[in-house]
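K.L.:
Got chain A; can you put chain B on it based on the hints?
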Amino acid sequence: MFKSKIKEVILCFKAGRVTAPFPLGPEPNPPQDGYRGKIAVDVEKCIGCGGCANVCPPRSIKITDTDHTRILEYFLSRCTYCGRCAEVCPEGAVTMTREYQLATNDLNDLYIRSEIYMGTCGRCGRCFKPKTILDRMMVTGFQPGDLS
Amino acid sequence: MFKKLLDKAFLKSLWVYHANTGACNGCDIEVINVLTPYYDAERFGIKLVGSPRHADVLLVSGPVTRQVAPALRRLYEAVPSPKLVFAIGSCPSGGGLWFDSYATLGGLNKVIPVDFYIPGCPPRPEAILYGVAVALGLASKKVAPIISSQVHPEKILQKIEQGEMTHVQK
Chain A
1 MFKSKIKEVI
11 LCFKAGRVTA
21 PFPLGPEPNP
31 PQDGYRGKIA
41 VDVEKCIGCG
51 GCANVCPPRS
61 IKITDTDHTR
71 ILEYFLSRCT
81 YCGRCAEVCP
91 EGAVTMTREY
101 QLATNDLNDL
111 YIRSEIYMGT
121 CGRCGRCFKP
131 KTILDRMMVT
141 GFQPGDLS
Chain B
1 MFKKLLDKAF
11 LKSLWVYHAN
21 TGACNGCDIE
31 VINVLTPYYD
41 AERFGIKLVG
51 SPRHADVLLV
61 SGPVTRQVAP
71 ALRRLYEAVP
81 SPKLVFAIGS
91 CPSGGGLWFD
101 SYATLGGLNK
111 VIPVDFYIPG
121 CPPRPEAILY
131 GVAVALGLAS
141 KKVAPIISSQ
151 VHPEKILQKI
161 EQGEMTHVQK
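Respectively, the protein sequence lines represent chains A and B. By our numbering, the letter at position 47 of the first sequence is numbered 47, and the numbering carries on one by one without gaps. By our numbering, the letter at position 112 of the second sequence is numbered 112, and the numbering carries on one by one without gaps.
The shape of chain B in the complex, shown without the other chains:
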C-alpha cells in the first residue's frame, strides 16, 4: 500500500535534471521553452534542479558522445531510485545523423535504460509536454508501427472494370 502511495506521489512532483550529451543546443532551447510561463510545466510539479542527487527525472539531449558516456553512467547512478529517463530529440532516441560515427555510441539506450523517447529535430515544446503527459498517464501515445503491402490484384481489376483506372500508361 505504501508503494502504491509512493508511485502516486512520485508522478505528482517530478524534479528534472537536464543533461546535454553533445547536443547542438536546439533541444535544450525547447526544454527551457517548456519551463516558461507560456507552456508552464510547473503545473505538473516539474521543476528544474541543479544536482542529479535532487532529481527524479533525467532529460537527456544529444547523441551521447564517447567522451561523455562514462560521465553519463555516473550521472545515472547518482539519481536516486525510482527514476525516469527521457530521451529528447532524434539524437538520443536513435542516434540521429551520427548513429554510426566513431565518436558517438549511437543512441541513449546503448548506455542507460530509457523510459520515454520524444523524437523530433528538435521536438516542439508541445511535443515535449505531450511526452510528459504520456509519462504521467494524462494522455495515451499516438504512434504505432505501420506495416503495409501493395494492393491486391483483385482490387486493381475491380478499379479497371469500374473505369476508375486504365491499364495503359501514357
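Isolated chain A, as found in the complex:
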C-alpha cells in the first residue's frame, strides 16, 4: 500500500504543472478558424434585406422601419452563436468573430444597432434598397438634414 502511494507521488510530479495561467496570463487554447463567437455587422455592406432576422432561431434580430431608415437591432444576450445569420447574408455583412469573452454586468452591452438608409415605395410605403449608390444618394433622407 505504501509503495503504491510513492508511485502515485512520482506520477503526479512527472506531470508537472498543468494549470494554465489564464485569466492573468495568455489564453491556453485560442479559438481556431471557423470558431463562432460574437457576431460583427458591417453596416456599409448591409442592404437591409432582413434575411438574418428571418432565420435567427431565438429571434434576437429586430427590424424597425421608420421613414427612409431601416433599423436592425441585434440583441446578443440570447444569441446561441449558430451562425445562420452569417450563412444567409448575401453581402457578407454579418460575420462571426472569434471574440468570446463577453462577460458583463449589464445586458445593454450585448447590443448592436445598425441604421440603413433605404428608399420608400411610393405605393405601399415599405422600405426598399435602391439599386445603385447614385440612386441611393437621390433618395430623400440619405443626405443628413434633408428630412424635414
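It cannot be assumed that every hint is accurate.
Each computed EDC-like pair below joins lysine to aspartate or glutamate, with the alpha-carbon atoms no more than 16 Å apart [as the list claims (entries may be wrong)]:
hint	chain 1	residue 1	chain 2	residue 2
1	B	Lys142	B	Asp100
2	A	Lys62	A	Glu8
3	A	Lys45	A	Glu91
4	B	Lys142	A	Asp109
5	B	Lys110	A	Asp106
6	A	Lys62	A	Glu73
7	A	Lys62	B	Asp115
8	B	Lys142	A	Glu115
9	B	Lys141	A	Asp106
10	B	Lys141	B	Asp115
11	B	Lys142	A	Glu87
12	B	Lys110	B	Asp100
13	A	Lys45	A	Asp106
14	B	Lys12	B	Asp40
15	A	Lys45	A	Glu99
16	B	Lys83	B	Asp7
17	B	Lys83	B	Asp115
18	B	Lys141	A	Asp109
19	B	Lys141	A	Glu99
Derived, one-sided and incomplete: chain B residues facing chain A with beta-carbon distance under 7 Å [to be verified]:
hint	residue
20	Cys24
21	Gly26
22	Pro37
23	Gly96
24	Ala133
Between beta-carbon pairs, the in silico distance windows are [as the list claims (entries may be wrong)]:
hint	chain 1	residue 1	chain 2	residue 2	range
25	B	Ala78	A	Gly25	52 to 60 Å
26	A	Arg59	B	Met1	45 to 53 Å
27	A	Glu87	B	Asp115	31 to 39 Å
28	B	Ser51	A	Pro30	32 to 40 Å
29	A	Asn105	B	Tyr38	23 to 31 Å
30	B	Gly137	A	Arg59	31 to 39 Å
Simulated from the structure, these hints should not be mistaken for laboratory data. Since the structure is predicted, the reported quantities are computational estimates derived from the model, not experimental observations. The beta-carbon is built from N, C-alpha and C at its ideal position, and this holds for glycine as well.
P.N.:
Relative to the frame of chain A, chain B by itself:
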C-alpha cells in the same frame, strides 16, 4: 472599516453553489471544466459546495422554467448575504431559444437579481473564468454596445472621385 475588510475578504473566497434551472447540461459541463486542475478556479478561492447555506455565489444555468422558479427564489433567499449571482449561458442571460415560451420565464433577471452575465451557448471555460475575473476585479469587461449608421454621402462621393468605387453596378 470593518465593512471594507469584509468586502475585500469576500472576494478572496467565493464558495459556489451551482443550480440547474432546466439547462441542457452543456453549461454544467463547462462549469465542471472550470473546476478541473487545467483551469483550476480554486486558485481564486472558488470552491464548489453542496448547500446554498454555505455558498456566497449562485451559478445558475438554464432558462428558468416555470416549475423551478419558486424553488429558485427560495434558493436565493437561503444564500446568506452578501451574495453574487452569475447567469451562465445564453438561456439565463436572455432567455435563449425559449425566451417567449409558455414554460419558461424568459431569463434569470425576471426571477432574481443578477450580478454578472456570461453569455455563450455554452460559454467556453475560458469565458467563465474571464467572467469570474471580471467579478473579482482582475479584468475589465470587453463588450460595449455598438451603434452604427451607414456612411455619409460625402464619403461615397470622395471614394468615387478617387476611383475606388464606381456608381454603376454590374
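K.L.:
Is the hinted pair B/Lys141 and A/Asp106 satisfied, with a Cα-Cα distance of at most 16 Å?
P.N.:
Given pair B/Lys141, A/Asp106 holds - Cα atoms ~10 Å apart, limit 16 Å.
K.L.:
Is the gap between the beta carbons of B/Ser51 and A/Pro30 within 32 to 40 Å?
P.N.:
37 Å, holds
K.L.:
Sort out whether B/Asp115 lies within 16 Å of B/Lys141, counting only the CA atoms.
P.N.:
Given pair B/Lys141, B/Asp115 holds - Cα atoms ~13 Å apart, limit 16 Å.
K.L.:
Answer holds if the nearest beta-carbon of chain A is closer than 7 Å to that of B/Gly96; otherwise answer violated.
P.N.:
OK, holds: B/Gly96 within 7 Å of chain A, min 5 Å.
K.L.:
Holds or violated: A/Lys62 with A/Glu8, Cα cutoff 16 Å?
P.N.:
Status violated; Cα separation ~58 Å.
K.L.:
Hinted pair, alpha-carbon criterion (16 Å max): B/Lys141, A/Asp109. Please report holds or violated.
P.N.:
10 Å, holds
K.L.:
CA of B/Lys83 to CA of B/Asp115, is that 16 Å or under?
P.N.:
9 Å, holds
K.L.:
Compare the distance between the alpha carbons of B/Lys12 and B/Asp40 with 16 Å, and conclude whether the hinted pair is satisfied.
P.N.:
Given pair B/Lys12, B/Asp40 holds - Cα atoms ~15 Å apart, limit 16 Å.
K.L.:
Next pair to validate is B/Lys141 with A/Glu99; report whether the Cα-Cα distance is within 16 Å.
P.N.:
Holds: B/Lys141 and A/Glu99 sit about 12 Å apart, inside 16 Å.
K.L.:
Next pair to validate is B/Lys142 with A/Asp109; report whether the Cα-Cα distance is within 16 Å.
P.N.:
Distance ~9 Å between B/Lys142 and A/Asp109 Cα, so the pair holds.
K.L.:
Compare the distance between the alpha carbons of B/Lys142 and A/Glu115 with 16 Å, and conclude whether the hinted pair is satisfied.
P.N.:
It is violated: about 23 Å lies between the C-alpha atoms, which goes past 16 Å.
K.L.:
Let me know if the C-beta of B/Pro37 comes in closer than 7 Å to any C-beta of chain A, holds or violated.
P.N.:
6 Å, holds
Hint compliance for this structure: hints 1, 2, 7, 8, 11, 13, 15, 20, 21 and 25 are not met, and every other hint is.
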